[in-house]
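Chains as they are written, first to last, in the numbering used here: chain A, 45 to 195; chain B, 161 to 997.
It is possible that part of the hints are untrue.
[Unchecked claim] List time: in silico BS3-like cross-link candidates among lysine-lysine, alpha-carbon distance up to 30 Å:
1) B:Lys603 to A:Lys144
2) B:Lys214 to A:Lys189
3) A:Lys104 to B:Lys324
4) B:Lys662 to A:Lys144
5) A:Lys189 to A:Lys104
6) B:Lys766 to A:Lys94
7) B:Lys299 to A:Lys55
8) B:Lys650 to A:Lys144
9) A:Lys144 to B:Lys677
10) B:Lys213 to A:Lys104
11) B:Lys845 to A:Lys104
12) B:Lys299 to A:Lys92
13) B:Lys603 to B:Lys915
14) B:Lys214 to A:Lys98
15) A:Lys190 to B:Lys245
16) A:Lys190 to B:Lys299
17) B:Lys357 to B:Lys602
18) A:Lys98 to B:Lys845
19) A:Lys82 to B:Lys773
20) A:Lys189 to B:Lys650
21) A:Lys94 to B:Lys299
22) A:Lys72 to B:Lys299
23) A:Lys98 to B:Lys484
24) A:Lys84 to B:Lys299
25) A:Lys144 to B:Lys915
26) B:Lys873 to B:Lys677
27) A:Lys144 to B:Lys773
[What the hints assert, rightly or not] Residues from chain B shown here face chain A by an in silico Cβ test under 10 Å; the list is partial:
28) Leu280
29) Pro282
30) Ile309
31) Glu315
32) Arg323
33) Tyr326
34) Lys332
35) Glu335
36) Gly655
37) Tyr951
38) Leu955
Hints are computed from structural coordinates only; laboratory data are not their basis.
None of the values given here were measured: they were computed from a predicted structure.
Glycine included, C-beta positions come from ideal geometry on N, C-alpha and C.
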Amino acid sequence: MPLNLELEKIKDELGDKATDKFLELLLKGMEGVFSASKNKIVSAFTDKFKDYHKNIEGFKGRYLFRTSDNLVAASAIFENGDMDVREDAIDDWNVRITFKNAAALRDFLFSQDQDILNSILANTVEVDGNLNYIYKFGFLARDLKKRLGLE
Amino acid sequence: MAKITIGDLSLKDFKLTQRVSNLKDVYFKAMPEVCIERPRLVTKFSLGNGLLKKERISVLDKAKTYRYVLENRAPIVWHKRSYQKGMLPFEFKDNSLFAGSTTSKFKGVPLYPEFLALTLWPELWTITNRARNPFYLGKEDAEELNYEIFPHWMENNILELARKTYRPPEMKLLERLVFFLASKPNCISHTIPDFSKAINKGLRAIIDEAKEKGNKTSDALQKEFYAAMPEVLEGIITYSKSIAKKAKEMADNEADPNIKKELLDIAEINNRVPELPARNFREGLTTIWICWTAIHLENPNVGLSLGRLDQILYDLYRKDIDNKIITIEQAIELISCLWLKIGDHVPTIPDAGEQLFGGTGSNQAITIGGVDKNGKDAVNDLTYVMLRATELMKLRDPNLNARYYHGISSNEYLRRLCEVNVNTGATPAIHNDKAVIHALTKKGDSLEYARDYGVIGCVEPNSNGRHYGSTASILLNLTSALELTLYNGKHRHTGMDLLISKETGNPITFSAFDEFKNAFEEQARFLIDKSTTLNNILGRIHQNFYPTPVLSALFEGPMDKGKDIIQGGAVINSSAATIIGLADVADSLSAIQKVVFEEKSCSFEKLLDAVNKNFEGYEALQKRLMNPDKTPKYGNEHPLADANVKWIVQMLDRAFGEKESYRGGHYRVGYWTMTNHAGFGRLMKALPSGRKARENFTSGITPVSAVTPVLTKSLNSVATQPPECLSNGVALNLKYTPETGDREKMLDNFAASVKGYVDYGNGNGTGGMEIQFNVTTHDTFVDAVKHPEKYPELLVRVSGYTAYFKDLNPQMQKEIIDRTEYLLSKGSYVYYEPFQL
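Chain B extracted, bound-state conformation:
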């Protein structure tokens, strides 16, 4: 059967149904509400079973905890009430095709006191009214958190357990924030579960398999693990059946025959799945949805991703379409309802965290397209159905990622990806299969597994459902390594009387650029050593106190190995870091190389003095450093500048790659920055690149804004970077001016720009790895800063994930406005004065 049977790939005749349109309106109207159901139940069970006093919490302990939560949480079929702006309550009619929810709220903020929920403690009275991204929290719930829940976790969250168990000196560096961030105090997340087994075999079969393996093994730890699996899976089944029961009760009391029928449908579906194999597309989607809510009981949703849904669900979709069980319109409606459900919660972010992560969703990536395990084109009808749903919905979550293999994927497919980007302004991101598969195989993944990669969180590729890559373990601020080099082991932020790392020499005394490079490498390796050491310590705390039975039950590997994911149960294991400030550091190295050591037009002493004074009194020098005609800048095909980027990515790949993860496997490196390039930029002082203090750093692997006038040169500079050193993914952020005149021509140019990037070297290389876009006019962005209420749905690509522009902090909004904007018809940038906050 042909995979592409639809005629019009745009599916433009299909619009949002009334149901989805209404639900979408409510979705945008509703403010997030803090939900205390989970912490209440987890605390009650933990206290009742003495878990908070144990020196080790086993996977079975955790499984019983989550079973208790799943069996005792409210089975909500449809929501009725939420809060709108001004925190005024409003009622609405929910008739989603999927029942159940991540929290007890329509749009909830789940809390995890085991992780970082206690950071909200000071805000319990004010969070409802805080200036940016407020969460509704009722008085009674706030009091329960204050009196009944939070106090029990003061000695028991991950960070504190790590601190008092190991007293790691590296934690001081983490607390100082400017060196690196670590995600493990908040979650393990950042991975893709394997849903295929749950869909095709059902959870009952997985329970039976676990019991059988448990009976066969004599290993005590394995026995414990196999006993844990049925606990959580029975909990998930019970939760789904309680939804079914509730739906049946509602149907019995419903007079409207249409509503009654819908409730009975839900009752029938949830009574069957996920316990038993899904028989049709809707049951398959329900299986995913119910399992998805269960996974979020275990870990906060930070980059937990759904993987290759167009592949996993294709057989069920095809069967239903062929048998005329559903129409394309119904399929789009189902997908749209699921998309809304996926976004039914937002991450818990304390006020100050808004500066670093403001506006972020949960970064739940979905992957479509690409090639299959045999290298054949995997794009199918469902790929286009998902694209159409995404185009119509324009939601922050899920974060859609499209795979494209030049020469295998069709031109029509690529053009459609570009069209959806133009119509949504920001999605999907496009991943170059050839480069990604090359990168993964170079790290030891088999070709078959590499071809089956899915995208995690922002842009990170891992083999779908079998690779636990913990892709956001470390966020390393590379500009701090530069700072430590410039100041001989000290950092202006932490004070010049404190030696942070080691003395690598006063750069004023260096006689050659290589001396500076060597010193920089040493400082970078210092931060890499500290950050990976701390990550491994935090990982061991997870192993001892927070095993992950739910995720392990829905992953390839743990069942065969008889151990939890956090113990190394996945088929493929690695940890990973992402780097902030690549272009800023590379351009600084280039400036030092060219101006100080080659031309000798400025002494290092003078350059350092200029940097110390934030270029005050050195305006001419700053202008010269920022001028790409006079100082080499990455993104202009300048050999010196591009070589410095290449040297950095190769050095970091080597340095991280030498480090072993606590679960086995090694560390991988990527270049995507979420909003951290703006957050860190706000903290850091001036750089030799000419960047002034507190200005934004550059996102992802993108060249610095406004210094790369020619689009093709910019793309080529990025595309020359070796993908094997970028195996944790990259985000290349481009901004295109929407051209309304000749739309077809714009789409041609758009597609040509992507092709040029991924086919750099005309088939002799791998091309650039990833590319993502903002396609919105400069004026619209500027107006949206002034009148955010006019643009509730203005979607933007940050650096990896998508966000609503209105939710971003001012610094991040400025960063997006100031990004280099290219006019495709001319292939050159459009100059705008830097936006003033």
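Chain A with its partners taken away, still in its complex shape:
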């Protein structure tokens, strides 16, 4: 899917209703924007994604996202300045995020007046592993949102 279309869909997901595609779109969108921000041709047309890739320079992190019923799983691997998204579960994660549904994950990552603790309070998201990785991911997600003009 072209990046622009993907980003438009992310915008929709961040709006009224998060669908089951939220996680996939977010991770794929992030991956696309990291790639675009390093692309000189894209940078010549827009500075919207400028330096987004700087966020993951030198960063190594392995994230596993899964639903509480274990039916949906996705992984994000950051290494060598790149992000790799996989549609299955990895084992040696730094942090594992188990969420009840797409809306819970969206609120967990993006909601203005709530945040990670709040989602844990509501018992809709459970985080295992190093919490600092989720704080970092929270920034990446919100930075993307800002660049999309939604923050």
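Since chain A is already given, all that's left is putting chain B on it; use the hints.
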């Protein structure tokens, strides 16, 4: 020389000077700004010296780190610029009598990536504009945090180090939030340094002492500790001298002779102290201030408290007054300037943390009055000077705590404490010396040390400057123990398919109330075991990675023992917990005892069903449970209800007291809740007491709101609780209607209510331990919810500390509005409909 020489104890003829008045205006106008100076310097030093890869960070490593920070931070004499509402910059003229600051900002938010600063990471772009309590953070600083600072600490903060070192299963309970909170991931704080040595001998003398002891010992760890002391103390001296140098430079370029003189005064004072002994009152205060900023480089300010300042500084004050070096007006001005400086920073709180801790300051307690080490009245002129400064300033920080010993302290003093409460609406809290000293000696403190207690954070008493009691180590949600009892080891919040603790039996099958009590005790002990185990693990992480050389250098004990405070260097060691939900749990036990087991008017099954359904369809039962005439409620001198409270506090004291702290000493228990009773209340479901889901719990040791119509009964119920079981302090929150008609009569009644509370038993007992007030009308609070801009300085007592009402989250504002309000002239409560959010 008589300690009381002033005629008018109210000092009402003394007003705020123009200087203080201007600074106070700026203080209230300025928004907090995130300061990255400290994390920048700490990160740079840590990376440059390989500290983040070490398996143990020694006290000497840390001392060198802090020396580097102290020697390289900006020496700011006076600030020039801040941000106001809407995050618009504004300039102002700072002419405080004290130079230097906790951060590089006028009102700063210091960051500690070693602790919890990374929780702010997701908010770096939004924190400036968040709805509640925003902090200004510039783009460049946000980028530096994101790219240059935070990434280095992802594997190195306390919580992560504890997780990967010990993989403690107890951490899962902490992360679920509803069981207990732990403060060590954020700080060790919650103690009182010993400033007397720095004031009377100077830091140079402490350096010399450390060097001498280091030369004498052959123990490697002690040698390391004694080498660390001069590092940090030289850093503090350098910081003060760099301020002096800067002030001199500013003076050299200043045309106004008055300003020039003020700058030269600062230069002279900071050039001398804290290196050398203070010669006068202002130098004494400067010593405290400079040391205070240094202590905050080490640990976030969460309840770090200043102790008995009216005692520590009295000799210098007396000498200056007698020699006519200063006037009372100047003394009040100096104290007021220091009060403002003390509040020059606010704690780092992420958005969601606002729900649990919203509106909190740093909870820096100052203690005045009481008795001295010999049991004699210690109230002096400086006590009244501090009271007057507090009355005029009406600030959130410092949190003023007054000690009162019935029969030794004077009536005039007590009346003055009440008057300041009426005039400020919320301060000072009043502590009953007799009860507190009894409690501390029962825990093994010597009588002399117990008499010299200071108040920490909210209300916690520890011997001043020598007891490291870590008084907020654990915040235990007692209602979760009740929940685990009701649901046989499960908790509705975490799901009924998950066994959290152990099965103590389905309460429906219990045939006697004692069976339920036994099950409850077992569940409470489970949480106590888990929370203390985790606290000890976190303590060991502090020992291995975050020793505290600055605090240790300014504390009684470490120098003699040759070890850091975190290793047990203090003269007295203990850890402590505070309990959330005492009255709600006690009233639930009473309801179960009375309704289910004694009257048998409602089966346990039915009660549980009502609780599960949040009393929907059980309205009559809920009404009956909430009616103090039909169901015993703590706070009405009902023997059954008060006995249940007593049983709980005795059981918890035993259970915690059996647990040993990682530093030595045992755990102590207190009952003060900050804003957590509102935060936890918002999370938790209905209780057998008749409290509905998501309603606030009750604060501190206070009885439940609106079920205790008679003031004296309420006070007596609290006063009967055994102080030896409350040694980590209590907060009894009362709300009095300000009566404008006969002010003198109101003050008489006010003082009488305190006397009745502390002298419960007419001298045969110890009386109630602590009492604190809100003296503001119901209508004012309601209006302040609607129009917060009209009430920027409306000060309230939360449960322990003071806060600005406008900064509290809505749930907490409701809790304060709904507290039982008493009309002193009648001694009974004034009924208001519960406030609707």
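Going through the hints against the structure:
no.	hint	verdict
1	B:Lys603 to A:Lys144	violated (48 Å)
2	B:Lys214 to A:Lys189	violated (37 Å)
3	A:Lys104 to B:Lys324	holds (17 Å)
4	B:Lys662 to A:Lys144	holds (26 Å)
5	A:Lys189 to A:Lys104	holds (22 Å)
6	B:Lys766 to A:Lys94	violated (63 Å)
7	B:Lys299 to A:Lys55	holds (24 Å)
8	B:Lys650 to A:Lys144	holds (20 Å)
9	A:Lys144 to B:Lys677	violated (36 Å)
10	B:Lys213 to A:Lys104	holds (16 Å)
11	B:Lys845 to A:Lys104	violated (41 Å)
12	B:Lys299 to A:Lys92	holds (16 Å)
13	B:Lys603 to B:Lys915	holds (26 Å)
14	B:Lys214 to A:Lys98	holds (27 Å)
15	A:Lys190 to B:Lys245	holds (23 Å)
16	A:Lys190 to B:Lys299	holds (13 Å)
17	B:Lys357 to B:Lys602	holds (28 Å)
18	A:Lys98 to B:Lys845	violated (45 Å)
19	A:Lys82 to B:Lys773	violated (56 Å)
20	A:Lys189 to B:Lys650	violated (39 Å)
21	A:Lys94 to B:Lys299	holds (15 Å)
22	A:Lys72 to B:Lys299	holds (27 Å)
23	A:Lys98 to B:Lys484	violated (63 Å)
24	A:Lys84 to B:Lys299	holds (24 Å)
25	A:Lys144 to B:Lys915	violated (55 Å)
26	B:Lys873 to B:Lys677	holds (26 Å)
27	A:Lys144 to B:Lys773	holds (23 Å)
28	Leu280	holds (8 Å)
29	Pro282	holds (3 Å)
30	Ile309	violated (12 Å)
31	Glu315	holds (7 Å)
32	Arg323	holds (7 Å)
33	Tyr326	violated (14 Å)
34	Lys332	holds (8 Å)
35	Glu335	holds (7 Å)
36	Gly655	holds (7 Å)
37	Tyr951	violated (23 Å)
38	Leu955	violated (26 Å)
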